[in-house]
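Let the hints inform the model, and build the full structure from the sequences given.
Protein sequence lines correspond, in order, to chains B and Y.
Following our numbering, the numbering of the first sequence begins with 1 at its first residue and continues without gaps.
Following our numbering, the numbering of the second sequence begins with 1001 at its first residue and continues without gaps.
Since the hints were made in silico from the structure, they are not lab data.
Treat the hints with care, since some could be wrong.
Unchecked claim - Derived list of chain Y stretches under chain B, where covered just means 3 residues or more per stretch with a C-beta under 8 Å from a C-beta of chain B:
no., segment
1, 1025 to 1034
2, 1072 to 1080
3, 1117 to 1126
4, 1148 to 1158
5, 1185 to 1193
6, 1200 to 1209
Stated by the list, open to error - Capping the alpha-carbon separation at 27 Å, the derived lysine-lysine pairs in DSSO-like fashion look like this:
no., chain 1, residue 1, chain 2, residue 2
7, Y, LYS1192, B, LYS33
8, B, LYS203, B, LYS137
9, Y, LYS1220, B, LYS33
10, B, LYS33, B, LYS205
11, Y, LYS1192, B, LYS205
12, Y, LYS1220, B, LYS203
13, Y, LYS1192, B, LYS137
14, Y, LYS1143, B, LYS203
Idealized CB from N, CA, C, for every residue including glycine.
Take a look at the letters that make up each chain.
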Amino acid sequence: MVHISDGILSLPVLAAGWAITIALIAVALWWSKRRGNVEEEIPKLSVMTAAFFVASLIHIPVGPTCVHFMLNGLVGVILGILAYPAIFIGLVLQAVLFQHGGITTIGVNTVNMGVGALIAFAIFRVGSMYGSLVVRKELSAWIFGALAGGVAVFLTVIFTAVSLILTSREAFFAVAITLMLAHIPIMIIEAIVTGSIVVFLLKVKPELIGGLGDDNK
Amino acid sequence: MVEYPEIDRYSSLDSVMHRFDPRAKLIAFLILIFSIVLLQDLKLAFIGLLGAILFLIASKLPLRFVLQHIKWVCFFIVPFILIMPFSVHGTGIFHFHGLTLTYEGLEYGILVAVRALAAVIIVLPMIATTRFDITIKALGELKMPNMLVQMFMFTYRYIFVFVIEFQRTWRAMVARGFQMKTNLYALRTIGKALGTFFIRSYERGDRVYQALRARGYTVKPKTLVEFKMRASDYVWTVVIIGFAVSLHVVPFVEVT
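This is the structure:
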């Protein structure tokens, strides 16, 4: 639902989306290249991207309707800065394989989901660093994992609403509000699921948490 | 629960779109999609939609397949068509319960729907008429950064592996009595199942990398497909891009 399809946004919004996305992908790839082992990074990153892609296809019944996971918070927590190109790849594939979202809007949609993922990563990084000083490590991971998952969805919905309103305030304001309200349950579900996944990963495979291929690992 | 990507299921058919060079096809149809989504006039948008349908017919894709692939856009568009006629100010057509349905809102709503539909229809002759791995190679030929091309290749291939893997996990859960409901227990169980799924994927990624290294993988692309532009490819490219440009140019010529 948050993948905006073609034909809705105006040229300036579309162009800004592409510009930001291209710049952030370039930064992420440059950062990964600078660290040297690109050929190691690419297969691993791609395999994880495929896993996230499949997980986002899962339908969850909520009341009378059906939602599917976004998981951009989790992508951020696991992949770190590389979450941004991973989400770009995922959205292009969503658009061309399943026609979820549009072609021209890939730039905007990547900003909407990707920036949320990057902020989720920052929240989890900083939060779990200081959180574990106050409460048990597991509880702190649950809290900040859930927070990262919830905030990522929240930001995605807000950014999506903003891209609609920037296109036409008058025409899309009501649609944007409806969209935001419809996503409150999804935000809560994502927060709970992300929290559970993060705690599980921390117990079973802690090296997965906190930026794939991170320097201080 | 999860479905396979089947976009290139009918890529082995034979039609003018199937024979169209993948590189030229991508460029030409991408230009057309951008051209149509930027149209401001309803009449022109309908002409764009008509063109899109003609290209779709030329691709000979089965109707069932087409409907299956455009249904999501229809879901996305519904709230716009339902809400916009009431939220845009303008000449009222009729009123009920304090809401006014305006002509301008209706027109804008239809414009959005027509543009969205036309764009998604064009994606089908563009993508569904070529094997998807060849489409990715064509992107590489079109100078997309090699790292991204490689990521597309790997990600696309492993989607199929993971759909099977996730279905297996899911079957195991259901066999043990798991029921998907919206409660805390079910969500936390899903979380753990997904956690296991991601760990398996990560470990698989490690093995994939090692296997690739053992076979001499470098990031450099090696492709077995040779692309060659023929006369008919140039003709189609000119036709499609010409149509895309004329949607924006012709109305101004008529006015002046």
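Check: Quick one, are Y/LYS1220 and B/LYS203 close enough, alpha carbons at most 27 Å?
Finding: violated, 37 Å
Next item on the list: Examine the segment 1025 to 1034 of chain Y: at least three residues should have C-beta closer than 8 Å to a C-beta of chain B.
Entry: Coverage by chain B holds here, the residue count being 3 at a Cβ distance below 8 Å.
Margin query: How does the segment 1117 to 1126 of chain Y fare against chain B when you require at least three residues with a CB closer than 8 Å, holds or violated?
Written below: As far as the segment 1117 to 1126 of chain Y goes, the hint holds, because 5 residues have Cβ atoms under 8 Å from chain B.
Check: Under a C-beta cut-off of less than 8 Å, do 3 or more residues of the segment 1148 to 1158 of chain Y approach chain B closely enough to confirm the stated coverage?
Finding: holds (count 10)
Notebook entry, point to check: Is it true that the CA of Y/LYS1192 sits at most 27 Å from the CA of B/LYS33?
Noted result: Cα-Cα ~33 Å, so violated.
Check: Does the structure keep Y/LYS1192 and B/LYS205 at a Cα separation of 27 Å or less?
Finding: holds, 12 Å
Margin query: Run the distance test for Y/LYS1143 versus B/LYS203: straight-line Cα separation, threshold 27 Å.
Written below: violated, 43 Å
Checklist line | Residues of the segment 1072 to 1080 of chain Y with Cβ under 8 Å from chain B, three needed, outcome | finding: holds (count 6)
Item checked: 27 Å limit on alpha-carbon distance, applied to hinted pair B/LYS33 and B/LYS205 -> Given that 27 Å is the threshold and the Cα spacing comes to 26 Å, the pair holds.
Notebook entry, point to check: Holds or violated: are the alpha carbons of B/LYS203 and B/LYS137 at most 27 Å from each other?
Noted result: It holds: about 10 Å lies between the C-alpha atoms, which stays within 27 Å.
Next item on the list: Take the C-alpha atoms of Y/LYS1192 and B/LYS137, compute the straight-line distance between them, and say whether it is at most 27 Å.
Entry: This hinted pair holds, its Cα atoms lying about 18 Å apart.
Notebook entry, point to check: Okay, the segment 1185 to 1193 of chain Y and chain B, do three or more residues pass the C-beta test at under 8 Å?
Noted result: Three-residue rule met by the segment 1185 to 1193 of chain Y, so holds; n is 5.
Violated hints for the displayed structure, listed by number in ascending order: 7, 12, 14.
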